[in-house]
Structures are given as C-alpha cells and as structure tokens.
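A.B. asks: These are the residues of each chain, in order.
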Amino acid sequence: MNITVDPPAFLIVDYEPERIVAVAREVAALVGLPDDVRIEVVVEEDNPFGKTATVVDGRSVRMAIEGGAFEDPQQLRQFSEANARLVLGRLLFRAADRLNPAFGDAPLEGDLTPAEHAAWDAYAVGRYTRLAGVDGGMGRRRYAFRIRHGFSDAADRAFDRLWSASGLTWADIQSICSLR
Amino acid sequence: MRKIFPAEELARDIRFRRGRMEERFEDPRMGKIADGSGRRGGKLTPDRPDAAHAARQMMHGIFVGEIQALEGAGRTVWDFDDDEAPFALKLDMARQCWDEARHTEISVKLGEHMGTEIGEFAETTFLYQAACNPDPVLRLTGVNRALEGLAIDVFNTMREFGEASGDPVLTFCEDWMLADEVTHVKMGSDWLRRLTEHDPDRRERALEFQRVVDKLFSFRGFRGEADENPVQLARTFRRMAGFEEAEIDEIAESSKEIAS
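Chains as they are written, first to last, in this note's numbering: chain A, -19 to 160; chain G, -11 to 248.
To be clear, the hints were calculated from the coordinates, so they are not data collected in a lab.
Any given hint could turn out to be false.
[Stated by the list, open to error] Some chain A residues near chain G, calculated using beta-carbon distances under 8 Å:
{"#": "1", "residue": "I(-8)"}
{"#": "2", "residue": "P28"}
{"#": "3", "residue": "R39"}
{"#": "4", "residue": "Q54"}
{"#": "5", "residue": "A124"}
{"#": "6", "residue": "I127"}
Every value quoted in this text rests on a predicted model; they were computed, and no experiment measured them.
Note that the Cβ used here is the ideal one computed from N, Cα and C, for glycine as well.
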C-alpha cells in the first residue's frame, strides 16, 4: 500500500512522518483497505485544532488533518499514537465505506451535515474500537452525537445501534438517525 | 502546618499531568492564531465542527480550576493571622471552600456526562499561583475579582452552550455554579473596599494585580466580546457581581488589544 505523509519533516510539532506512515499502514490493514489504495496524510502542523477532511477519488484517499488531531492532550505538541490510531481508524473506515459499492452513495464530505458526520463517525469508531480492541472513547462519541441529534433516549438508542453495528449502508445510517 | 504552600507541591493522583503556563505562551501555533494567519477556534457554539471536543476541554479546565479555587480559598483561611485578615473574611473563604468543593464534584459529574476522563487534559496551576500572594488584599483581588470574574464569563459561556445544544444537564449545572461565582466576586469586591478604605495605595496595588491577572486570561483572544473569542465577557452577570461599567469596559478593551 502506498502511504505518504506531508510535510516530509515537522518543524513545529514533535511528530515523525515515518511513525505516522507506520500507524496508517497498520490501521489501513486492520480496517481492510485494499492494497491498491493510495493514502495521503496531510498534516497542518501549525494548527492546534483537530478538524479533519477526507477526499476519496478513485483508488486514492487524501486526508487533511489539523495537527491537534494527533496531539497528546496532556503534552503540547507531542504526538499521541493512540489518538492518531483513533483518528485514522475513523477516517479510514469511512473511506473504506465510500470505496465499497454496497455501501451506497453518500454525499460528498463537504455536503454532509454535522448530524450526518456525527452519525457516520459513531459507526466508524464503534467498528474500529471492536476490531482493534481499544477504548475508543464511547462516552465522548455519545456526547458528540447528542450535540447533533439531541439529548434524548431516542437519540441514545440511535447512537447505540450505530456504535454496535457493522455492514450498514448509507441508507441504513440515515434511517437509524431518522428514528430518533 | 506551614503557611504559603507552593503550587509545585499541590497533591494530585497519577491521573493528573501538570502543564506549564510557559509551554502555552511559547507555543508557536498560538502566535499564528494571534497574528491572524492561523485559524481561530471562535466562540464556543454547537456550530463549531469541534464543538464537543472544545466543550469537553473547557469543562476539564473548569474542573481543575475548581480544585485550585478550593485549595486557594482554604489557604487564605489558614495563611493569615486575624490582624492580617479579619475573622469574618476567613468565614467567607470557608463558605467559598464549601462552594468550590461542591463545584468540583459537579464538574466531575459533568465530565462524565461529556465523556471526559479525569486528567485527560493537562492542568496548569496559574489560578492557584495567583492565590499565593502574601498580601491578603492582593490575593483576594486577584482570585475573587479577576479569576472568579473569569469564572463568571466561562460559566455563562458554558451555560449558553448547553442551551444552544439542547443539553439540560449542562445548562442547569452551569447556571447554579454561575450564581455562586457571582457571590464569590461580590465577596472580593466587598473585602477590597473594606480593607483598603483608608489605604488608597494598597487598593491601587490590588487593582493593578487584578489587571495583570485579567490580561493573562485574555491571552491571545481567549476571552472577549467578538465572535472569534471562545469565552464571552458576561457583562450582565459581572454587573450583578459588583463590577463597575468602566471596569468591564477596561477588560473588553484590554482583550481587544491583546488579541490584536
């Protein structure tokens, strides 16, 4: 699998491109991305926030990541491998969904609503958590979901279904969210 | 038991990680945000893409701030003899300890509600350091007027965030804690007036100390009245706490200057 990281060297944050490539390779294999997929990780190192955006174009996945997304929240500008794994797991599961014809046509990233992002993220992180056997921060994902879908029992039920599901289509995700 | 306890020796369990204020001041990424070349987080609203993370981080900051406020008020009860600080002032501080202990417990519960673990974010001890001033008037002014004033702004911001995101738990808890903070600021204002009634120089020194602390917490646009400021200056609640309009204007102006 062809994986590249930009920039080739970090000057502001204490991250190593080789380490990010290694983590991305492991996570991509775990998620089950085919070997012919090309992955590009672009890290905006001078940005302490954690926004991410992914573009899937043919067999190419380009992830634009604000540097804070990979940061250790306890140590400024230090790399957190656990955080990087979770972020890449979430993004690569979503990319794998887009590459899977059975998943259906989801809107482009920029056209997704915050509520749709939260739902798809819950589905992606839930799967990654089970597959990797790690604590994926279910509580904070639930909170992020509630902000977009409401603080209600119905919203919690929708989150639980997304978190524990596998093999969903885009239509399934929309349907679960509409039941809240 | 010794008096004036240093911040470095505050007791914390292994979940906590101490961060240095200098690390934040020296972070080159913050410079880019301040000079406008980097993206700013902006006002804390549910519209922000990182709303959940930003709210959790701020809530954790409130949590460690409550612990330090408890430690600071507790030290003020002990650190001064009655001729330095009247017994009635210490009673007020003891009452504040009770409030801060309750706020700490509420903050732990709110952290759980938001999916945050204790110690998930680094803790800086600047609040407690302001509570180490050897002059009780300066200490009270720095803590009860500057920092508890900041707490009014932060709690009101979080209360509004809770309302906007439809979170009844966050809204309710922040509203109750906000009410206590207004009382704490009033205590600071009252004691400043009483203890410096015949000593204008000491009052001015105390107010200058408050300005320094206020400026540090308006650092790089953290607090202000523009949409780009994560924490919004809560004018109405500050008035209720006894701040003069001119004082609030000064904080707003100073925040603008620091941000630019």
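A.B. asks: Decide, hint by hint, whether the structure agrees.
C.D. replies: So, going through the hints one by one against the coordinates:
1. I(-8): holds (6 Å)
2. P28: Holds, about 5 Å.
3. R39: Constraint on A:R39 not satisfied, violated at 27 Å.
4. Q54: holds (4 Å)
5. A124: holds (4 Å)
6. I127: holds (5 Å)
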